[in-house]
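The listed protein sequences correspond, in order, to chains A and B.
So in my numbering, the last spot in the first sequence is 115, and the numbers never skip.
So in my numbering, the last spot in the second sequence is 2013, and the numbers never skip.
No lab work stands behind these hints: they were computed from the structure.
Model, not experiment: these values are computed from the prediction.
Treat each hint with caution, since some may be false.
[What the hints assert, rightly or not] With a straight-line Cα cutoff of 20 Å, these simulated EDC-like cross-link-like pairs (lysine to aspartate or glutamate) come out:
1) B/1747 with B/1825
2) B/1826 with B/1836
3) B/1983 with A/108
4) B/1983 with A/109
5) B/1747 with B/1831
6) B/1552 with B/1562
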Amino acid sequence: MNPVNYLYLASLLFTIGAVGVLVRRNAIVLFMCVELMLNACNLALVTFSRLHGNLDGQIIAFFTMVVAAAEVVVGLAIIVSVFRTRHSASVDDTNLMKL
Amino acid sequence: MDNLIPVLVAVPLLGAALLLCGGRRLDRVGHWLGTLLAFASFGVGLALFFSMLGRSTADRPVHLNLYTWIPVNGFQAEVGFQLDQLSMTFVLLITGVGSLIHLYSIGYMAHDEKRRRFFGFLNLFLAAMLLLVLADNYLLLYVGWEGVGLASYLLIGFWQHKPSAATAAKKAFLVNRVGDVGLSIAVMLMFTTFGTFAFTPVFADAPKATQATLTGIGLMLLLAACGKSAQVPLQSWLGDAMEGPTPVSALIHAATMVTAGVYLITRSSAIFNLAPAAQLATVVVGAVTLLFGAIVGCAKDDIKKALAGSTMSQIGYMVLAAGLGPIGYVFAIMHLVTHGFFKAGLFLGAGSVMHGMNDEVDMRKYGGLRKYMPLTFVTFGLGYLAIIGFPGLSGFFSKDKIIEAAFGHGGTEGWILGTCTLVGAAVTAFYMTRVMLMTFFGEKRWVPDADGHEPHPHESPAVMGAPMVILAFGSVFLGGLFSINSSFVHWLSPVTGYQEGHSPLSTTTVTACTTVVLLLGVGVAWMMYGRKPVPAVPPLGSLLTRAARRDLLQDDFNHVVLVSGGSHLTRFLVYLEGKGLDGLVNGIAALIGGTSGRVRKVQNGYVRSYALSMFGGALVLAATTLLMRAV
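Please put together the full structure from these sequences, using the hints given.
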């Protein structure tokens, strides 16, 4: 099977994630879309690793997973505390960061 | 003996300190103390003079370094005195006439409650003026120069409860500042050119400097002289300075301080001799002023202001003579000394008249005073004959020499200058005869003053009479004394240099001409003021007369050109600054502020919109990278 197809799949997944980040309001869904984009990147990295015949891409993918795990911890904590104070998971309600 | 030089300055300075700080306990003796110290200074001056006379010409100049005033690496400002024939002449004039006027003031200021302060100021003036003429460098001269300016300011405004006196003092001070700026620039130019202020090295190095520098220094010195000596265009303060007590007008604004400009030019002869352009400017200033002052003197009804116009005119003669170079310096100083005597005598006479007439100054309210004040009449009359140059009296010798030197300048310039001096001599004869006739001859025209006091003209006390008599003697004999065997020329020429002018007219012709114009001036004045009674109300007069009554519009000129011109310039600059610089700065600020205000709407607080801009940015970066790689 042509490894380039994995790249198509990765870009498709990334696009779905990006559009999801832009159009959805629920913070949890937003979070899932971010994860989708991260994993799309991982897929692309692994594919490049295979295409070039070295392990660089795979190692970076591991790094990405570690960072993503840490990000989930921090991100979910923020979402939970925002939900506790505002009783809403909509990101449009948390729009105080402006001039 | 020569160690006495600083004593000359120190004695009156001590007097000033004592009288100004001594408080009321000195009120009863203050005037005698001040006069005594002035005479003491004169005594020291005389002792130094006879000591100088006893030496040969080459040994006469004495130099004495007192101490280093400002010691800086590579720059030394010394307090040093130089007593040569020129300084000696001034020392004797200042202390001699000064002492007499101190004596006179005892009588004149007898009823003034601030008399002690007055004598303190007079002593301060003597000290400053002596410092000016004794300094051996320009920086110390500048100290004296400012000192006499201060004393002049304090004394013009002595009766500062009169607003006119306070204003006149301020005016004199401000106009003098303009000249002082000239002197300070000249001193700085000297320092940058020669690296020193001291007379001897500056004059020795003067030939090495460029023509432009020398002309610059000369013109700046001339500006300084114009300010101090009331020469056109800085002449407007002298008339108003007559607000001061009359002894002040006699000492400072006739005999000594106003001649400091002539001293400065003569002292700097080494520079002026090398700068023909500056010399030309000097003679032009002198010629214009001598006519200007004479015309103003013709129209004034205030006796002191008429004499002030005359002072201006006579100093014009001196400045003109000093501008002629080596053919004129000696005669400038000679006229300065004789003028010091007869003009001081005239002012003291005017003061004596005012003293007897309840301080009335309007000559139209005098008349026929010769019967009431015989001594004043005789001394004033002798001063009058001296100033108009009556043959045989002081003014005749000194003024004739200047007229001759002006013709001797040579060429067309010589003819023009000579004619100016001759016309000036005629006008001098006219206005002085007018003063004389209006004051001492004709019908009595005095009227009760505002409080209803009928004036009772009376002769002044002896303490005022004695100085007038001595000055009258000087007015009569000094010129002749100086001219016997050209003694004054021999005395002064080692310092100033002297050479004969090549006059196209012989001495006899010049003397004949001056005598003719003198008689002409006297005759015209007699026709106008002697033959028929003087109207108590001044007639309207011609356009020139009316202009001359307003000091030939000098104040109007200053107002229109300098005051209005200055304020217009200021307004224009403010406009330029407001619209131009402020506009630019404020415009930039407004541009940045406005742009920021618009750009900040992008930050709306929605996560999605931030995410979109991140995606957009990433897209642009990726596209650019790809594009660059493709190219």
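Can the restraint linking residue 1747 of chain B and residue 1831 of chain B be considered satisfied, given a maximum Cα separation of 20 Å? Given pair residue 1747 of chain B, residue 1831 of chain B holds - Cα atoms ~10 Å apart, limit 20 Å.
Residue 1983 of chain B paired with residue 109 of chain A [C-alpha distance capped at 20 Å]: holds (18 Å)
Are the Cα atoms of residue 1983 of chain B and residue 108 of chain A separated by 20 Å or less? holds (16 Å)
Given hint residue 1825 of chain B paired with residue 1747 of chain B - CA-CA distance at most 20 Å: holds (10 Å)
Measure nothing beyond the straight line between the CA atoms of residue 1826 of chain B and residue 1836 of chain B; if it is 20 Å or shorter, mark the hint as holding. holds (12 Å)
Decide if the proposed pair is consistent with the structure: residue 1552 of chain B and residue 1562 of chain B, CA atoms, cutoff 20 Å inclusive. Holds, because 15 Å separates the two Cα atoms, which is no more than 20 Å.
Of the numbered hints given earlier, the model fails none.
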